[in-house]
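Novice: The residues making up each chain are set out below.
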Amino acid sequence: MNYHSSLLPLAAICISLLVTVPILLSDRKPNLRESWTLLAAIGKFCLVAIMLPSVLAGEGFVLTLAEVFPGVPIQLRVDAMGMFFALVASFLWICTSIYSIGYMRSTQEQSQTRYYASFAVAISATIGVAFSANLLTLYLFYEMLSLSTYPLVTHKQNDEARASGRKYLSYILGTSIGLVLPAMLITYSIAGTLDFTAGGILAGHASKATLALLLVLFLFGFAKAALMPMHGWLPAAMVAPTPVSSFLHGVAVVKVGVFSILRVIFGIFGPDLLRSVDLGMVITTVASITILVASLIALSQDNLKRRLAYSTIGQLSYMILGAGMLSAAGMTGGLLHIAMHAFGKITLFFCAGAIYVASHKKYISEMDGLGRRMPLTYGAFLLGSLSIIGMPPLGGFISKWHLLLGAIESQQLVLLVVLLGSSLLNAAYFFPIIYRGFFASPAEGQDLSGIQEAPLCCLIPLLTTATLSLVLFFFPGVLLQLVRQALAL
Amino acid sequence: MTATNLHLYVMVAPLLSAFAVNLLGRRSRNWIAPLALGALSFSTLGALLTLQRVLQHGGYRYTVGNWQPPYGIELVIDPLSALMLLLISAVALVATVGALKSVEQELPGREHLFFTLYMILVAGLLGLVMTGDAFNLYVLLEITSITTYGLIAMGRGRAPLASFNYIIMGSIGACFYLLGAGYLYILTGTLNMADIASILPGLQGHAAIATAFGFMMVGLWVKMAFFPLHNWLPNAYSLAPTGAGIMIAPLMTKVTVYLMIRVMFSIFAPEYTFFAHPGVQAGIVWVASLAILCASALALAQRNLRRMLTYILVAEVGYMVGGVWLANSTGMTGAVLHIVNDALMTLCLFLAAAAIVYRTGSLDFDHLRGLYRRMPLTMAAFTVGAFSMIGVPPTCGFFSKWYLILGAVEAGHWEFVVALLLSSLVNAVLFFRIIEIAYFKVNPQPSGDGLLAGEAPLWLLTPLLTAAIALLAVGIGSGPLVNQVIRLALPPGLAP
Amino acid sequence: MDQLLTEIVGKYNYWLYVVLMMIGFYAMIGKRNLVKKLLGMNIFQTAIILFYVSTGVKRGGQIPILDKHAALSHGVDASQIINPLPHVLMLTAIVVSVSVTGVALAILVRIYREYGTLEEDEILEKIRS
Numbered sequence: 001m002n003y004h005s006s007l008l009p010l011a012a013i014c015i016s017l018l019v020t021v022p023i024l025l026s027d028r029k030p031n032l033r034e035s036w037t038l039l040a041a042i043g044k045f046c047l048v049a050i051m052l053p054s055v056l057a058g059e060g061f062v063l064t065l066a067e068v069f070p071g072v073p074i075q076l077r078v079d080a081m082g083m084f085f086a087l088v089a090s091f092l093w094i095c096t097s098i099y100s101i102g103y104m105r106s107t108q109e110q111s112q113t114r115y116y117a118s119f120a121v122a123i124s125a126t127i128g129v130a131f132s133a134n135l136l137t138l139y140l141f142y143e144m145l146s147l148s149t150y151p152l153v154t155h156k157q158n159d160e161a162r163a164s165g166r167k168y169l170s171y172i173l174g175t176s177i178g179l180v181l182p183a184m185l186i187t188y189s190i191a192g193t194l195d196f197t198a199g200g201i202l203a204g205h206a207s208k209a210t211l212a213l214l215l216v217l218f219l220f221g222f223a224k225a226a227l228m229p230m231h232g233w234l235p236a237a238m239v240a241p242t243p244v245s246s247f248l249h250g251v252a253v254v255k256v257g258v259f260s261i262l263r264v265i266f267g268i269f270g271p272d273l274l275r276s277v278d279l280g281m282v283i284t285t286v287a288s289i290t291i292l293v294a295s296l297i298a299l300s301q302d303n304l305k306r307r308l309a310y311s312t313i314g315q316l317s318y319m320i321l322g323a324g325m326l327s328a329a330g331m332t333g334g335l336l337h338i339a340m341h342a343f344g345k346i347t348l349f350f351c352a353g354a355i356y357v358a359s360h361k362k363y364i365s366e367m368d369g370l371g372r373r374m375p376l377t378y379g380a381f382l383l384g385s386l387s388i389i390g391m392p393p394l395g396g397f398i399s400k401w402h403l404l405l406g407a408i409e410s411q412q413l414v415l416l417v418v419l420l421g422s423s424l425l426n427a428a429y430f431f432p433i434i435y436r437g438f439f440a441s442p443a444e445g446q447d448l449s450g451i452q453e454a455p456l457c458c459l460i461p462l463l464t465t466a467t468l469s470l471v472l473f474f475f476p477g478v479l480l481q482l483v484r485q486a487l488a489l
Numbered sequence: 001m002t003a004t005n006l007h008l009y010v011m012v013a014p015l016l017s018a019f020a021v022n023l024l025g026r027r028s029r030n031w032i033a034p035l036a037l038g039a040l041s042f043s044t045l046g047a048l049l050t051l052q053r054v055l056q057h058g059g060y061r062y063t064v065g066n067w068q069p070p071y072g073i074e075l076v077i078d079p080l081s082a083l084m085l086l087l088i089s090a091v092a093l094v095a096t097v098g099a100l101k102s103v104e105q106e107l108p109g110r111e112h113l114f115f116t117l118y119m120i121l122v123a124g125l126l127g128l129v130m131t132g133d134a135f136n137l138y139v140l141l142e143i144t145s146i147t148t149y150g151l152i153a154m155g156r157g158r159a160p161l162a163s164f165n166y167i168i169m170g171s172i173g174a175c176f177y178l179l180g181a182g183y184l185y186i187l188t189g190t191l192n193m194a195d196i197a198s199i200l201p202g203l204q205g206h207a208a209i210a211t212a213f214g215f216m217m218v219g220l221w222v223k224m225a226f227f228p229l230h231n232w233l234p235n236a237y238s239l240a241p242t243g244a245g246i247m248i249a250p251l252m253t254k255v256t257v258y259l260m261i262r263v264m265f266s267i268f269a270p271e272y273t274f275f276a277h278p279g280v281q282a283g284i285v286w287v288a289s290l291a292i293l294c295a296s297a298l299a300l301a302q303r304n305l306r307r308m309l310t311y312i313l314v315a316e317v318g319y320m321v322g323g324v325w326l327a328n329s330t331g332m333t334g335a336v337l338h339i340v341n342d343a344l345m346t347l348c349l350f351l352a353a354a355a356i357v358y359r360t361g362s363l364d365f366d367h368l369r370g371l372y373r374r375m376p377l378t379m380a381a382f383t384v385g386a387f388s389m390i391g392v393p394p395t396c397g398f399f400s401k402w403y404l405i406l407g408a409v410e411a412g413h414w415e416f417v418v419a420l421l422l423s424s425l426v427n428a429v430l431f432f433r434i435i436e437i438a439y440f441k442v443n444p445q446p447s448g449d450g451l452l453a454g455e456a457p458l459w460l461l462t463p464l465l466t467a468a469i470a471l472l473a474v475g476i477g478s479g480p481l482v483n484q485v486i487r488l489a490l491p492p493g494l495a496p
Numbered sequence: 001m002d003q004l005l006t007e008i009v010g011k012y013n014y015w016l017y018v019v020l021m022m023i024g025f026y027a028m029i030g031k032r033n034l035v036k037k038l039l040g041m042n043i044f045q046t047a048i049i050l051f052y053v054s055t056g057v058k059r060g061g062q063i064p065i066l067d068k069h070a071a072l073s074h075g076v077d078a079s080q081i082i083n084p085l086p087h088v089l090m091l092t093a094i095v096v097s098v099s100v101t102g103v104a105l106a107i108l109v110r111i112y113r114e115y116g117t118l119e120e121d122e123i124l125e126k127i128r129s
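Sequences listed follow chains H, Y and C, in order.
Counting along the first sequence from 1, when you hit position 306 you're at 306 in our numbering, and nothing is skipped either side.
Counting along the second sequence from 1, when you hit position 483 you're at 483 in our numbering, and nothing is skipped either side.
Counting along the third sequence from 1, when you hit position 9 you're at 9 in our numbering, and nothing is skipped either side.
Chain H with its partners taken away, still in its complex shape (with noise of 0.2 Å):
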C-alpha cells in the first residue's frame, strides 16, 4: 500500500473534537445542540467515507503530526485495517446520535450537555486509534478514550455511579499505565521503532521469554479488550446510560481495545513471529477460557444491561481467538467479527435501551409478555441475537464461519469445540429472552396495557442497524475486501 500526505485523517479525527466547543456554547438549547453533535456524526462519516475508494485502491494516507520521540513521532495513518474499524465506528456513530436524542429526552437524563460533549471526544479518540501509524499515537489515543468516556460511566452522579466510575478508571487506567506503558517502552527499547510495520517489528531482536512477557503485557494490558481476568469494569460501566452502553461498550471502546491488541499482533510481533515461537497458544487459551467462562455467567444475569455486558466480553474474545490462530482464515474471522458484532449487540443494546425508555424495566424476568407490545424492537432484538450467535442469513455467521475454518485449518480442533459450545451458550442466553417477550404471559398484577413502542428517534437506529446486520450476510464485499487487504492475502 502506498501512503499520500494528508490532512484528511486529521480531519476525520478532529472534526468531533472541535465540535465539542458549541455543544458546550448551547448548553441551553438542546436543538441547537443535537444538531451540532449529528452534524458532526454525519460528517465525519463522509470524511471517512471519502477516503474509502482510494484505500480500496492501495493508496493510503499518512499524517505526521510530531516528531516526539526518536524514530517515534505522533502520526496517522489511514490503512485497510484502520479503515476498516473507522468505518463501522463512524456510521454506528451517527445511529448513536440519533438514538441518544432520543434516550436522552425520553428519560430526561441531566448534564446532557456534558454527555454529548464527552461522547464526541470518545468518537475522535476511537477514530484515532483506527488511524494511529504506531504505538504510540495509539496508546494516546486509547488514553484519550479512557479518560472521556470517564465522564460518561458516572453520568449518573449517585454512589452506584462513582463507584463504577472508580471500578472502570483503575481497571483501564491501571492497565494501560502498568502494563502497556512498560510493553512499550521495552518493545522501543529493543527495537528502535514502535511503526505497526506488516510482518512485526520485533522479529530477531527478543528471546521467546521476552515475547512471551511482552504478549502477556500487551493482551491483558489493553483491558478494553475485556480478556479475563480484566474483564470487571464492562458489567460495572453498564450503569452509564444505555446509548453510552450500545456504541461505548457495545461498539467504540471495547473495540478499540481488541483493535489494539490485533494490530500489536499484526504489526509489532507479526504472525509469523508468533508462529515460529509458538505463542499462539498463549493467545488462543486466553481467549478460550474468557469465551466460556463469559457464556456460563451472562446464563445467569437476570438484568438485560448485564447479560449483554457478559455476552460482549465472550463475543471480544471471538476477535481475539481469530488472531490467535494465526491462520488466514482465523485472523480474517477475528477481523471481521469486529464489524459483524458491532452491528449485532449494537442492535441489541439499543433494543434494551429501547425497552427501558418504553417501560422503564431493566429484568428479564420483569420482561414477559413484553414482546407482543414491542414488535418492532423484539424482532430487531431476535435480528441481532441471531447474528450474535452466528445464524444464517445474518452478518454473524460470516465471520464464524471463517473462525471454524481458521480452527480447521490450523489444526486446533479443541478451538473448534469451543466455537460451537460458545454458540449453544449465545441461544441459551438469548433464546428465553425473545421467548418470554413474545409467548410468556405477564406476571400477576403486572399491566402492560400502558406500553408501546420507544420514540421514533429510537426505533429508527435499532431498526437500521438490525437491517444491516441482515443486509451485511448478502453484501459482505467492501468489508471483506478491507479485511483481506489488512491481512495482506
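Warning: the hint list may mix true and false statements.
Claimed, not checked - List of simulated lysine-lysine pairs, BS3-like, C-alpha gap at most 27 Å:
#, chain 1, residue 1, chain 2, residue 2
1, H, Lys-156, Y, Lys-441
2, Y, Lys-441, H, Lys-208
3, H, Lys-362, H, Lys-156
4, C, Lys-68, C, Lys-58
5, H, Lys-167, Y, Lys-441
6, C, Lys-58, C, Lys-11
7, C, Lys-31, C, Lys-126
8, H, Lys-156, H, Lys-361
9, H, Lys-167, H, Lys-156
10, H, Lys-362, Y, Lys-441
11, H, Lys-29, H, Lys-167
12, H, Lys-362, H, Lys-167
Claimed, not checked - Which chain C residues stay away from chain Y? Per the calculated CB distances, all over 10 Å, these:
#, residue
13, Val-9
14, Asn-13
15, Gly-60
16, Asp-67
17, His-87
18, Ser-99
19, Ala-104
Calculated directly from the structure, the hints in this document are not laboratory data.
If you're wondering where the values come from, they're calculated on a predicted model, not measured in any experiment.
Glycine included, every Cβ here is placed at the ideal spot set by N, Cα and C.
Fit chains Y and C to the given chain H structure using the hints.
Specialist: Frame of chain H, contents of chains Y and C only:
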C-alpha cells in the same frame, strides 16, 4: 547593553526591581505590578535571546567585573543553564501574575514586602543557574533560601514554625555543601568549578574527594527535599502564603536538582560520579525509587489539596534524582526534561489551587464539591495539570516519564521502572479522587460561601490557562525540545 | 594507637572543629527548644568558618598586607604570608550566617507572640488542641 552580557541583565532586572518595589510599592501598591511584571518580562525576553545565542554559537563564560578566574567569579552560560534561565524567568513571570492577586487578598498592606523578597528570590535563582564558582553557589543558595524563609513565614497560623524548621534543615544542607566545598578548596586550592574539574583527575583515589562529594550531595539533597530528607517541605510549602507557593514550589526543588547536576558534572566528572563507586550509583537509584514510592504513599494519606501536592513534589524529586543517577544519557535526558515539565506542572496545579482558595477559602477535599460547575475553566486547567502528573499523553508529563522509564530499562534498574509506574498509578488515584469530588459530588447543602464562589478572577485565570496550554505545548513539542536543546545540554561522557 | 594520637595532636584544630560541629548538630536535631536549635545552628556554622580559616594558615606566615615598594622590588614570597582567600570567603559566610540568624530570630519572635512559648513540644500541643 551588548549581547555578551545579556544574561547578566536577566539576573539584574529582578534584583533592581526588588528595591524599586520596596521603595515605590511602599507609597502605592499600584507600582508593584508594572515593576515586577516589567522586570520579569525583560528577564524572560533576555533569557530567550541568551538561549538562542547559546544554541547558535555554543556556550560561553563570562567573568563578572573582569576579575579573571580562578579569583574572580565566573558565570557559565551553556545550553543547560540558558534553558534554566528561560524556565525560571518564564515560570516566575507567569507565577507573578497569579501571585499579585492572591497576595492582595492574603497579605493586604504588606504586598511591597512580599514582592521585595519575591524578586530577590527570582534573582537568586537566576544567579544560581549561571554561577561557575562553588562558593558563589553557596552564597546564592543562601540568598534564595533566606528569602524563601521570609516568604514562608509570612503565611498564617503555623507558617512561622514551619519556616523555622525549614531554616534549621536548610542551614544544615547549606553547611554540608559549604563543608564539601571547603574540602575541595583544601585539595585543589581553587573554588572555580572548571578549575577544580581540571585538577581533580590528578588526585584520583584521594579519600577526601569522596568526602567532599558526599557532603555536597547530602547538602543539596536536604535542600531539594530528597526523601528521606524531605520532612521540612510539606509543612513549609503548604503553609506558605498562596502567592509564595505558586513560585517556590515549581522552582526551588527543580533548581536544586539542576545544582546537583552541575556539581556532579561540572566539578566532578561522570566517570568519577558514577563509576568510582558503582555501589553508590545503584544505591542512590534504589533510594530514589523508595523516595517515589514513600512520598506517593504519604500523598495518599492527605486530605488537603495543597498538602497532597507537596508530597507529590517530593515524589517528583525522586524522579529527577533517580533519572540523573541512572548514569545514561536517556535517563539524564528524562531528568532534564522532567525539570522543565515538573516546573510547569507544579506551576499549573499550584495556580489552580490558588484560584480555588481565592474563591472558596479552603483546599480541604470536602470543600471541593461541585467545583467543576462553579469554576469550570479553573478546573479544566487543573485537570490538564493532573493528567500531566499522571502522565497521560500528550501532556508533557508523559514524555519525561517515557525517557526516565526508558533510561531505567536501558540501565537495568527495574526497581526504578516499577516505582515510576506505581507512582503514576498513585497519581491517578490521587487526582481522580479530587476530580470525582469536584465533578460528580454535588454540594448537599449550598453553603453561604459556596454560592458566592464563581470563576476565578482574570489575574489568576490567565496565568493558569497559560500554564495549562504550556503543558500541552511542551508535550507536543518535546521532540524538538529534546533534540535541539536538551541533547546539547547533556554533560559529555555519559553512556549513550 | 600512637599513630592515631599523633594524628589527633598534629591536627588538633580540625578535631576541635569536628567536636564543635557535632555539638551544633546535636543541638539542632536533639534539642526541643527553638532558641537552642538556633544556637546549635550558629555553633555549626562557626565550626565550618573556623575550618575554612584554618586552611589559610601557614607556619610562620605573615598577615597578607603587602608593602607596595617591597612587593614591586622583591616580589612576593607566597610561603611567607598566609592565604587571604579563605578569610575573605568567610567574611561572606559570616554575613550569610548572620542574616539567617536574623531571619530566624525574627521568626522566633513571631512564634513567641503566637504561642507564648518557644518549646517545640508545647507549641505542637497548642496547635493540636
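Novice: Now tell me if each hint is right for this structure.
Specialist: Against the structure, the hints come out as follows:
no. : hint                    : in the structure
1   : Lys-156(H) / Lys-441(Y) : holds, 11 Å
2   : Lys-441(Y) / Lys-208(H) : violated, 49 Å
3   : Lys-362(H) / Lys-156(H) : holds, 16 Å
4   : Lys-68(C) / Lys-58(C)   : holds, 22 Å
5   : Lys-167(H) / Lys-441(Y) : holds, 17 Å
6   : Lys-58(C) / Lys-11(C)   : holds, 13 Å
7   : Lys-31(C) / Lys-126(C)  : holds, 19 Å
8   : Lys-156(H) / Lys-361(H) : holds, 17 Å
9   : Lys-167(H) / Lys-156(H) : holds, 15 Å
10  : Lys-362(H) / Lys-441(Y) : holds, 26 Å
11  : Lys-29(H) / Lys-167(H)  : violated, 33 Å
12  : Lys-362(H) / Lys-167(H) : holds, 22 Å
13  : Val-9                   : holds, 20 Å
14  : Asn-13                  : holds, 13 Å
15  : Gly-60                  : holds, 19 Å
16  : Asp-67                  : holds, 21 Å
17  : His-87                  : holds, 12 Å
18  : Ser-99                  : violated, 6 Å
19  : Ala-104                 : violated, 5 Å
Comparing the model with each earlier hint shows violations of hints 2, 11, 18 and 19; every other hint is respected.
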